[in-house]
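**Student:** Sequence:
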Amino acid sequence: MPADDANPATMEPREFALLVKNTPTSELRRMMRGEKRTAVLDELFARMPSVFRAERARGLEAVVHWNVGDRPDGGTDVYELVISGGRCAISARPDREPGLTLTLGAVDFLQLVTGNAHALALVMRGKMRTKGDLALTAKFPSLFDIPRAGRPAAGSA
Numbered sequence: 002m003p004a005d006d007a008n009p010a011t012m013e014p015r016e017f018a019l020l021v022k023n024t025p026t027s028e029l030r031r032m033m034r035g036e037k038r039t040a041v042l043d044e045l046f047a048r049m050p051s052v053f054r055a056e057r058a059r060g061l062e063a064v065v066h067w068n069v070g071d072r073p074d075g076g077t078d079v080y081e082l083v084i085s086g087g088r089c090a091i092s093a094r095p096d097r098e099p100g101l102t103l104t105l106g107a108v109d110f111l112q113l114v115t116g117n118a119h120a121l122a123l124v125m126r127g128k129m130r131t132k133g134d135l136a137l138t139a140k141f142p143s144l145f146d147i148p149r150a151g152r153p154a155a156g157s158a
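Residue numbering for the sequence shown is 2 to 158, as defined by the numbering used here.
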């Protein structure tokens, strides 16, 4: 399936992860610069609370801003993730001061949230910038059960 035809809202997370893994970067970039960008980002962020591992976030209170670049107008989409009381909530209207800000391009974001890239590798290659709480930066990836292309997510069939 071409990336332009992909709709993560109608695809299983593992299926979408496999699509991202097998799609050339140029095609993913085209999709994320097209009319589906907002719908794809909204859906992927909306799924984050369902893969949040509350048992790993005991006592954690955090606000994380995701800055996803490469918008067609040259801008950035900002989403806010709030971890509080063992829960994770997402908002496309950030209104809190972040303790951690993650900034990356749209294709790198797709690869990261589908398990096709590792946060540390993205940081080391300069493809993801972090600002804020270093301890949270290190812990953050372990707070989510990312549905990778190579294995089913916990709780999935």
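Hint data in this document are derived by calculation from the structure and do not stem from the laboratory. Cβ atoms here follow ideal geometry from the backbone N, Cα and C, with glycine treated the same way. Some hints could be false.
Computed beta-carbon distance windows for the label pairs [unchecked claim]:
1. Lys140 with Glu36: 14 to 24 angstroms
2. Gly60 with Glu28: 40 to 50 angstroms
3. Glu62 with Glu16: 16 to 26 angstroms
4. Lys132 with Arg72: 12 to 22 angstroms
5. Gly87 with Lys132: 23 to 33 angstroms
**Student:** All the hints need checking, so say for each whether the structure fits it.
**Tutor:** To see whether the hints hold, each was checked on the structure:
no., hint, in the structure
1, Lys140 with Glu36: 14 to 24 angstroms, "violated (36 angstroms)"
2, Gly60 with Glu28: 40 to 50 angstroms, "holds (42 angstroms)"
3, Glu62 with Glu16: 16 to 26 angstroms, "violated (34 angstroms)"
4, Lys132 with Arg72: 12 to 22 angstroms, "holds (20 angstroms)"
5, Gly87 with Lys132: 23 to 33 angstroms, "holds (25 angstroms)"
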